[in-house]
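The listed protein sequences correspond, in order, to chains A and B. Residue numbers for the first sequence follow this note's numbering, beginning at 29 and rising by one. Residue numbers for the second sequence follow this note's numbering, beginning at 33 and rising by one.
No lab work stands behind these hints: they were computed from the structure. It is possible that some hints are incorrect.
[Stated by the list, open to error] Beta-carbon label-pair distances, calculated as ranges:
#1 A:G56 to B:K100: 31 to 41 Å
#2 A:V111 to B:S87: 23 to 33 Å
#3 A:E130 to B:V86: 34 to 44 Å
#4 B:G92 to A:L142: 43 to 53 Å
#5 A:E46 to B:G49: 28 to 38 Å
The structure displayed is predicted, hence computed values, not measured ones. All C-beta atoms, glycine included, are put in the ideal place defined by N, C-alpha and C.
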Amino acid sequence: NAGVMQNPRHLVRRRGQEARLRCSPMKGHSHVYWYRQLPEEGLKFMVYLQKENIIDESGMPKERFSAEFPKEGPSILRIQQVVRGDSAAYFCASSPTWDRRELFFGEGSRLTVL
Amino acid sequence: QQQVKQSPQSLIVQKGGISIINCAYENTAFDYFPWYQQFPGKGPALLIAIRPDVSEKKEGRFTISFNKSAKQFSLHIMDSQPGDSATYFCAAEPYSGGGADGLTFGKGTHLIIQP
Chain A
29 NAGVMQNPRH
39 LVRRRGQEAR
49 LRCSPMKGHS
59 HVYWYRQLPE
69 EGLKFMVYLQ
79 KENIIDESGM
89 PKERFSAEFP
99 KEGPSILRIQ
109 QVVRGDSAAY
119 FCASSPTWDR
129 RELFFGEGSR
139 LTVL
Chain B
33 QQQVKQSPQS
43 LIVQKGGISI
53 INCAYENTAF
63 DYFPWYQQFP
73 GKGPALLIAI
83 RPDVSEKKEG
93 RFTISFNKSA
103 KQFSLHIMDS
113 QPGDSATYFC
123 AAEPYSGGGA
133 DGLTFGKGTH
143 LIIQP
C-alpha cells in the first residue's frame, strides 16, 4: 500500500549541473503534479501531467526546467544547469482523476545547489 | 500577487487550547478550500476541506469556518495537542472542469502546542 514515492529524498548539486527528480504515483493514479516549496513559502504549482502528456505547465520556469511522465516508469522533473535559486523542496502529488481535490503528496525531494 | 493570504505566520498554543488559523482569498472563482498539515521532512497531507455551499465543516477536533461574503475561511483546532504541532497550509482552487490552474497555497502557519 505504497503512497507517492519520490527519490532521491535529498540531492546536492553544484551550479551548472543537472538535477533529476523522480516520482512514482500511488497505484491506480494516472495524474501527477509537481510543486516547489521554498523556505517559509507555500507550495507553488509547477506542472500537471498524465501518462505521456503535459496537461498544464503554466507554473514551470520557461528555461532549464522540464517534466515528463512516460508510459512506463516514474514521472521525472529535470532541472538543467542548476543555480542556487533552484534550492528548494520539490513535491510530487498524484490523484486518480483529473479532479485535483484528491491530491496525495509524496515526502518531497530536497535539492541543494552549492 | 498573492491570491491566498494566511495568518498568523506562527502560533503558540497551550495544550488543550483552541488554535485558530485564518485565510483570505481574492479570486471569486475559488470554490474548494482545503487545509493541509505538514510535519517536518514530510509531504503535506489533506486534513479537511470545505466548499462554499456550507459555512462550517467539522471533523473530530478540526473545524473549518467559511465566510463567503468576506472571502475568508479559518481552521479551528479544538483541544489542541502536542501532536498537532506542524505547519498548516490553507489552499484554494477554482472549479476548472479539468483545465488549467492547480491549488493556490497560503504561505503556511507554524503551529506549536506547548505541553
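Comparing the hints with the structure gives:
no.: 1; hint: A:G56 to B:K100: 31 to 41 Å; result: holds (35 Å)
no.: 2; hint: A:V111 to B:S87: 23 to 33 Å; result: violated (46 Å)
no.: 3; hint: A:E130 to B:V86: 34 to 44 Å; result: violated (19 Å)
no.: 4; hint: B:G92 to A:L142: 43 to 53 Å; result: holds (44 Å)
no.: 5; hint: A:E46 to B:G49: 28 to 38 Å; result: violated (48 Å)
Hint compliance for this structure: hints 2, 3, 5 are broken, all remaining hints hold.
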